[in-house]
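Following the hints, put chain B in place on chain A, whose structure we already have.
There are 2 protein chains.
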Amino acid sequence: MKKTINIAVVGLGKIGSYLLNELNSKKKDIYIKTGKKIKVVAISARNKNKKRQFKINKNIFYTNPLKIINDKKIDILIEAIGSSDGISKKIVEKALKNKIHVITPNKALISKHGDYLAVLAEKNKVNLEFEASVGGGIPVLRTIKEGLATNKIKKVYGILNGTCNYILSEMEQTKDSFANVLSKAQKLGYAEPGNPKFDLNGYDALAKVKILSALSFNNKISNSKYLMEGIENIDSKDFEIVDQLNYRIKLLGITEIINNQLFERVHPCLVKKNTYIGNVNGVMNAVILEGNPVGESVLQGEGAGPGPTSSALMSDLLSILRGNIKYPFGISDNRRKKVKIYDMNKYSNSLYLRLEVKDKPGVLSIITRQLAKFNISVQRLIQIPDNKRKTASIVIITHEANELNSKKCLKSLKVNSNILKAPVLIRLF
Amino acid sequence: MKKTINIAVVGLGKIGSYLLNELNSKKKDIYIKTGKKIKVVAISARNKNKKRQFKINKNIFYTNPLKIINDKKIDILIEAIGSSDGISKKIVEKALKNKIHVITPNKALISKHGDYLAVLAEKNKVNLEFEASVGGGIPVLRTIKEGLATNKIKKVYGILNGTCNYILSEMEQTKDSFANVLSKAQKLGYAEPGNPKFDLNGYDALAKVKILSALSFNNKISNSKYLMEGIENIDSKDFEIVDQLNYRIKLLGITEIINNQLFERVHPCLVKKNTYIGNVNGVMNAVILEGNPVGESVLQGEGAGPGPTSSALMSDLLSILRGNIKYPFGISDNRRKKVKIYDMNKYSNSLYLRLEVKDKPGVLSIITRQLAKFNISVQRLIQIPDNKRKTASIVIITHEANELNSKKCLKSLKVNSNILKAPVLIRLF
Chain A
1 MKKTINIAVV GLGKIGSYLL NELNSKKKDI YIKTGKKIKV VAISARNKNK
51 KRQFKINKNI FYTNPLKIIN DKKIDILIEA IGSSDGISKK IVEKALKNKI
101 HVITPNKALI SKHGDYLAVL AEKNKVNLEF EASVGGGIPV LRTIKEGLAT
151 NKIKKVYGIL NGTCNYILSE MEQTKDSFAN VLSKAQKLGY AEPGNPKFDL
201 NGYDALAKVK ILSALSFNNK ISNSKYLMEG IENIDSKDFE IVDQLNYRIK
251 LLGITEIINN QLFERVHPCL VKKNTYIGNV NGVMNAVILE GNPVGESVLQ
301 GEGAGPGPTS SALMSDLLSI LRGNIKYPFG ISDNRRKKVK IYDMNKYSNS
351 LYLRLEVKDK PGVLSIITRQ LAKFNISVQR LIQIPDNKRK TASIVIITHE
401 ANELNSKKCL KSLKVNSNIL KAPVLIRLF
Chain B
1 MKKTINIAVV GLGKIGSYLL NELNSKKKDI YIKTGKKIKV VAISARNKNK
51 KRQFKINKNI FYTNPLKIIN DKKIDILIEA IGSSDGISKK IVEKALKNKI
101 HVITPNKALI SKHGDYLAVL AEKNKVNLEF EASVGGGIPV LRTIKEGLAT
151 NKIKKVYGIL NGTCNYILSE MEQTKDSFAN VLSKAQKLGY AEPGNPKFDL
201 NGYDALAKVK ILSALSFNNK ISNSKYLMEG IENIDSKDFE IVDQLNYRIK
251 LLGITEIINN QLFERVHPCL VKKNTYIGNV NGVMNAVILE GNPVGESVLQ
301 GEGAGPGPTS SALMSDLLSI LRGNIKYPFG ISDNRRKKVK IYDMNKYSNS
351 LYLRLEVKDK PGVLSIITRQ LAKFNISVQR LIQIPDNKRK TASIVIITHE
401 ANELNSKKCL KSLKVNSNIL KAPVLIRLF
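As they're listed, the protein sequences go chains A and B.
Our numbering numbers the first residue of the first sequence as 1 and each following residue consecutively.
Our numbering numbers the first residue of the second sequence as 1 and each following residue consecutively.
Please keep in mind that the hints were generated in silico from the structure rather than gathered at the bench.
Hints should not be assumed to be uniformly reliable.
Just so you know, same-sequence chains aren't split out, so a pair can sit in one copy or run between any two.
To be verified - Mimicking DSS-like on lysine-lysine, the simulated pairs with C-alpha atoms at most 30 Å apart in a straight line are:
#, residue 1, residue 2
1, Lys326, Lys340
2, Lys73, Lys411
3, Lys72, Lys50
4, Lys89, Lys50
5, Lys175, Lys272
6, Lys90, Lys55
7, Lys154, Lys28
8, Lys220, Lys390
9, Lys273, Lys237
10, Lys237, Lys152
11, Lys326, Lys27
12, Lys94, Lys237
13, Lys272, Lys97
14, Lys155, Lys27
15, Lys407, Lys237
Okay, chain A solo, but in the shape it has when bound:
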């Protein structure tokens, strides 16, 4: 690798412009650590004159990022646009084909097209780095690929979405409603002001789970069945109840191998208050890896925001500047296993169920009969009457119950006229 490295930054939103400032202010530090001089020779965004936190050099500005590759000699391209397809995919594709290293924090792109792009990178003998796509500033991907390189990893789980974790922590503390807390999160910049759907429905966490699986288990990225539930339906009532039972509610992403099959999932969980994961609050992210021989490893840090994300992007940059070509997913594409998906209908788990019912004789017996019919046994049952409305909340913690059976059971309860709302189900962790 030559001594001066030309860099292009494509996408100048919060992350892109923060990174640009980091690149400029840390040139000397980078030279000391790698012996390489970096030079940002091109930048691109949709709007040249938009107000940004940091000034940009308009002389090297491109509206069309694809043009950069024709015009300039680029060594490393940093893609910070952030969509799974469209121009994000096109520019990364074009860069790799032109033997340009690529760095991206784009989990949507990597979780969808990562396999294809990794093959492109390998074929063209360049690096494709995406540390910032999972866990913000937590260097979890590098830890899996390098720090725990020869461990056999069995399970990875964690809190992977800071927006959801903030909302859940805040709902717990303030007893406020989902809608109110969400709008507060939006005001504070912890949730997308426009459309926070992909954070709230679990999609963002699931994209990260897919990337973690691929690295941890050396498989290709999965794209078929999964269990993805968000936090939109969690009620402040649930927080009150689980608090008394000594639980907290967390949105977890979990991936593990069961009988050589991959089981990935994202859903809210009840976690005990005195566990490690039960005490990761606010916008923090945390990843727990269970490996052999290392045992349990925990990584925690700020999961989002321009600062932590830039930290991860810079670590990718330094890794490339140090000079060797690495497989994007740790091993060559032809060694990566095809995914066999675990049938989640076979899975069993303890459940928290909350049913809002008419407070009249016989209702409880209907419910318990249905549970028995679907082989779901009760570990704990609490009935909380609302005398004014003549209704009651029935809260049930079940013993381990089969997924398929619980689905069927809930469906059967939904149509019962004594049950006033769709039952709430949260899995225990």
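Coordinates of chain B only, in the frame set by chain A:
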């Protein structure tokens, strides 16, 4: 680098022999990840016929490790003997001078001779890797050097000695004495059966602190003044009292930069029960890094034992096999700053003091007068009488008090005939 890499393992205690088994069983995995075939061509220990957990190949056994380097063509030497000088230092020195990469978990060696050995490695263009020297299986050194490469780190602290953390956790839970818990720890293999002194007096944790400082702040390893206190004098009585005050006792290693000066210390601390560090129990280690722009990063994992240590040694091996030469401390020796040591006498901290006194009028006034004389103000005072013995425990939580003043004050109290034992001092975190 050629395709087949010759390895020598020197030191076949628990760690060395476990590692040897890992090397043999993970050859294929290593080949897949790095394209290199490894071959263990020499092993060495004092006793060829000692019973070990894993069988060794006696045909490649050396009693004198120095002979290996004359006899065989070695590419990578793994030193797992573990002393700070003597044969450990000699073999590492000789290997580096012969352009052989070195991997070692030996914190005593690195914290004492790391600067010198790093220069040797740099001059001979080989790697000197010591990930396993801090935090067992937690890849904390690699995280500082690579994952958080361009962050400005301000402070690093954590639980760095699993033996002490086990003993403190166990004393808290069982209310048992230090001596009893220590002997239990020795039976369980959590403390050295012979001489656990270097774990208990803070020496082991301090060695790790010095390595962490060097990597985090780009300074040479410090070797002058420090604050090193162990856990030998902590009494089960203290656990009872701090429990009521909502604290736990943890042995922390802390390093930070204050006014461009390095302040390293290891001592027991009172930490709030509801903090992250207050909930790292048993043999777990944890390291917290405060950096900019990444924010707070936490790494937690099993801090000792052959499994986690081997995991770290293997990550070093893979890093070397991937092929480039890295500075042992992240930057070239001539860029590493000389250490300026912070004068700890200037430091201020809240203190927990426990004094065992004669229960008679006037004693409390003597104590409070002394405290006032040394400018130490009381935040909270609890007197616990022991009516049978006509003694009392006086527990004081102070406001921030200057180190030098507190030292002088304790000295003055020690000689007072109404104070029956040397006062106990634990710093608040």
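Outcome of the hint check:
no.	hint	in the structure
1	Lys326 - Lys340	within (26 Å within a copy, 39 Å between copies)
2	Lys73 - Lys411	neither (60 Å within a copy, 70 Å between copies)
3	Lys72 - Lys50	within (24 Å within a copy, 65 Å between copies)
4	Lys89 - Lys50	within (24 Å within a copy, 60 Å between copies)
5	Lys175 - Lys272	both (19 Å within a copy, 25 Å between copies)
6	Lys90 - Lys55	within (27 Å within a copy, 55 Å between copies)
7	Lys154 - Lys28	between (41 Å within a copy, 19 Å between copies)
8	Lys220 - Lys390	neither (53 Å within a copy, 73 Å between copies)
9	Lys273 - Lys237	both (18 Å within a copy, 28 Å between copies)
10	Lys237 - Lys152	neither (41 Å within a copy, 44 Å between copies)
11	Lys326 - Lys27	both (24 Å within a copy, 19 Å between copies)
12	Lys94 - Lys237	neither (51 Å within a copy, 68 Å between copies)
13	Lys272 - Lys97	neither (49 Å within a copy, 54 Å between copies)
14	Lys155 - Lys27	between (39 Å within a copy, 23 Å between copies)
15	Lys407 - Lys237	within (22 Å within a copy, 54 Å between copies)
Violation of the numbered hints given earlier is confined to hints 2, 8, 10, 12, 13; the remaining hints are satisfied by the structure.
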